[in-house]
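J.: Letter by letter, the chains look like this.
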Amino acid sequence: MLDSIFIYLIIFGTLLGAMTGAALLIWFERRLLGFLQDRLGPNRVGPFGIGLALADIIKLFAKEDWVPPFADKFVFIFAPTAVMVAMLLGFAVLPYAPGIYIVDINIALLFFLGMTSLAVYSVLLGGLASHNKFALLGGLRSAAQMVSYEVFMGLSLMGVVMLSGSFSLVDIVNAQENLWFVVSQFLGFIVFVIAGIAESHRLPFDLPEAEHELVAGFHTEYSGMKFGMFMVGEYLGVILISSMIATIFFGGWLGPDFLPPIFWFGLKTFLIICFFVLLRAAIPRPRYDQLMSFGWKVMLPLTLINLMVTGAVALWLESQV
Amino acid sequence: MIKMITSQLNTLWQIFKHLFMRAETVAYPEQMPYLAPRYRGRIVLTRDPDGVERCVACNLCAVACPVDCIALQKTEDEDGRWYPEFFRINFSRCIMCGFCEEACPTYAIQLTPDFEMAEYDRQNMVYEKEHLLIDGPGKYPDYSFYAIAGKAIGGKDKGQALNEAPPVDVRSLLP
Chain A
1 MLDSIFIYLI IFGTLLGAMT GAALLIWFER RLLGFLQDRL GPNRVGPFGI
51 GLALADIIKL FAKEDWVPPF ADKFVFIFAP TAVMVAMLLG FAVLPYAPGI
101 YIVDINIALL FFLGMTSLAV YSVLLGGLAS HNKFALLGGL RSAAQMVSYE
151 VFMGLSLMGV VMLSGSFSLV DIVNAQENLW FVVSQFLGFI VFVIAGIAES
201 HRLPFDLPEA EHELVAGFHT EYSGMKFGMF MVGEYLGVIL ISSMIATIFF
251 GGWLGPDFLP PIFWFGLKTF LIICFFVLLR AAIPRPRYDQ LMSFGWKVML
301 PLTLINLMVT GAVALWLESQ V
Chain B
1001 MIKMITSQLN TLWQIFKHLF MRAETVAYPE QMPYLAPRYR GRIVLTRDPD
1051 GVERCVACNL CAVACPVDCI ALQKTEDEDG RWYPEFFRIN FSRCIMCGFC
1101 EEACPTYAIQ LTPDFEMAEY DRQNMVYEKE HLLIDGPGKY PDYSFYAIAG
1151 KAIGGKDKGQ ALNEAPPVDV RSLLP
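Chains as they are written, first to last, in the numbering used here: chain A, 1 to 321; chain B, 1001 to 1175.
Treat the hints as calculated values from the structure; they're not laboratory data.
Check before you lean on any hint, since a few could be wrong.
Stated by the list, open to error - Cβ-to-Cβ under 8 Å is the rule here; a few derived chain A residues that face chain B: (1) F35; (2) L36; (3) Q37.
Where a beta carbon is used, it is the ideal one built from N, C-alpha and C, also for glycine.
Here chain B stands alone, though its shape is the one from the complex (with noise of 0.2 Å):
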């Protein structure tokens, strides 16, 4: 009995020291919450050093995309380099899992700390890759996928890549 009654007390007094300690309140259009550099917010398409489109339509993310929201078609450029002829993303379905950028194996798609993307249109919400692609090269400022893959491209041949071997002509004898 003496217990219950300490007991409550002791739970008034605790809660009232409350009074008197900081809000964890963040208020937030005044004060933006921080958000660490790798929050999974708004997709981006990235390009790399050179100022070209990193995504090479390769489809990846559309099917490691868990709800579908990604849509785009393969085309080629005189060079031989794919690239996407639409890229688009429903950000009405997306749940910003990153899967994608997980699945992109040049580093194309990056998810960013952005997180504000609300629309009074609900079509508004579905980005085009004009929306989607930025300036700049994202989270790897120095990757470039042709530059170090063995894609034979316009400019760039077979055996010319970062640390690749020349191709080795496998119908001759000599050693």
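Next up, chain A with everything else stripped away, as it sits in the complex (with noise of 0.2 Å):
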């Protein structure tokens, strides 16, 4: 019975963050971006600007909710919704403390993977149900891109099995006991994280919406809060992402035992989000062949080598013992 209570709780826990979170997040992303532009941000709602969460939360809702005439009505509704559903679920399977966790199941990284690829479905839905061009294109490029970046997504993350010998999160945590996995798998690291920023479609590899060239991309059509649950979405998925490269590669929840467990996962986590919006300000966006030309003539070999050194390292140590 108890058991159960507290299920529920880090199930309402891990919703109410996750969107706490996403909503933060659309300040925090640029309040920091000013910061790096030498600007202050938007610093005039709340304290230190906090409220403008909040105000643009009020604004999306406040918004016409308009579906074009010339839309196909269902699947233009269905694709904001499946964005987040995906990338909530993705939640599901997510350590944050020993014992903190929804669910602790043997494939938990493939999960991860599996949700993860469903958001494409959304990206690509919605430029197709919009009817219009910029979102087609959208679609067309978010497809391309996402299916490429998720084999050596997948693939990246198998030296880190191989080491762990389990696909379940809390088993990858525990391995790193010793040391992370970011520095016996650096390789492998850079490629997912780099993979990790083109599933979430995050500037540089923003090129689904690629505002420059394509009005707003696969949700040009969107207003109120479908457009807003697209962007809760993909702020959902930075969080998502940050959270898994903290738990795959930098030890999760492992850290000196004078704070918590999960204050160390919430640091690791936010300093990755740092670092995502670090890349945004920073890096310009590559011309489409550049990104494709990229993923698989760069990453897709580095990824099969260390994936081959990796195991070889592997099959050597265990004949060592």
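Assembling the complex is the task here: the two chains are given apart, and the hints tell you how they should meet.
T.: Right, here's the structure in full:
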């Protein structure tokens, strides 16, 4: 009985935390971007401008929720929900601290990869249902980009799986007791970060949106809360990918004992989110063909090399014992 | 390839350093930006050191104005001094180019370092003479047009202006 209440509490906390985090990230990202560009960023509403998150939500809710007459209505409404549901489901397998997780399934990593892949449908369907050439181009790009980056996003994690011997995220964190995987799997880490950025289509890999070329990409026709759900889905994706990087490569909740484990998990996730914002401020968007050739000609071979070397070393270590 | 990677990392580092630099932002309503004395802002009409309005209603400013936002009508007082009967500037049109100030032969019209002229009602952007006229001489404290101009007005005849020679009697044969 007590156990099930505890689980419900964690589920509720995750939902609340993720949604609040995503809303606050709207404010935080703009603030940090401001500082990185020698500006102050939004600082008017409430202390440090934190009320901007609330103001943005009110604005999105108050806007006219409009479906264009030429759009495919069902798919048009389904698309933004898909990204949010997929991203929120991804949080289900995330371990926050020892004993504090919703589920610890033995295919957690695969589940996470599957959920982030589902997000591509949202972008693709959103672009397709809009009946708008810019939206269609955005959806087209996102499909190609996500499908190709999906390949080595999964492969880059296989080194970690080999070393820890499990797909379960709790086991992966426990396997980093002595050494974080960011050291032993550095190549895998780099590839996963780049693929993660592409997967959450953040700058510099925001080609599906590419506001300078494609108006607003796949969500050109969206307004009001449907646009808001794309937005929240994107920020949820950022939080999810960041916490996954923290869990898989930076030892999740592991850290010195003077603070609770969940704090270390939060701190690592926060720092990685900051790095995502820094990337957005610093790196320009590549051309589309550059993006594709970078993925297939550089990242995929790197991942395969990493995989082979890790496999060989793992086998050699086993033979030593 | 290596150069590509290092260049990207260098960019990241350079941008990261900006996190610790001072922001260029001037938080405007609380913190007023510095405006140079010759900043071209709100237009005023000035008075000469005696407190009489400088404008002689010559219409040069209205002619010079590229957006035709100045309107005025000349009239005369009992001394023969010209002055504008009305002087109207439509600030919803004004582009603060300063051509009127350059055209003005009497330093009457001047631009000031002030730009806070926002209004809720467009009609309020039209400034009449009483809104434009200020009490002081503006940027040229000692200049008085009628004191140095050759025009005869009541209380000052020909030849009585500053540095002006007495008028020559062209009908006289005396040297």
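J.: Could you run down the list of hints and mark each one as holding or not?
T.: Quick rundown of the hints versus the structure:
Taken as an interface hint, A:F35 checks out: its beta carbon lies about 5 Å from the nearest beta carbon of chain B, inside 8 Å. With its C-beta approaching chain B no nearer than about 5 Å, A:L36 sits inside the 8 Å limit, and its interface hint holds. At about 7 Å, the closest approach between the beta carbon of A:Q37 and any beta carbon in chain B falls short of 8 Å, and the interface hint on this residue holds.
Going down the numbered hints, you'll see the structure goes against none, and every one checks out.
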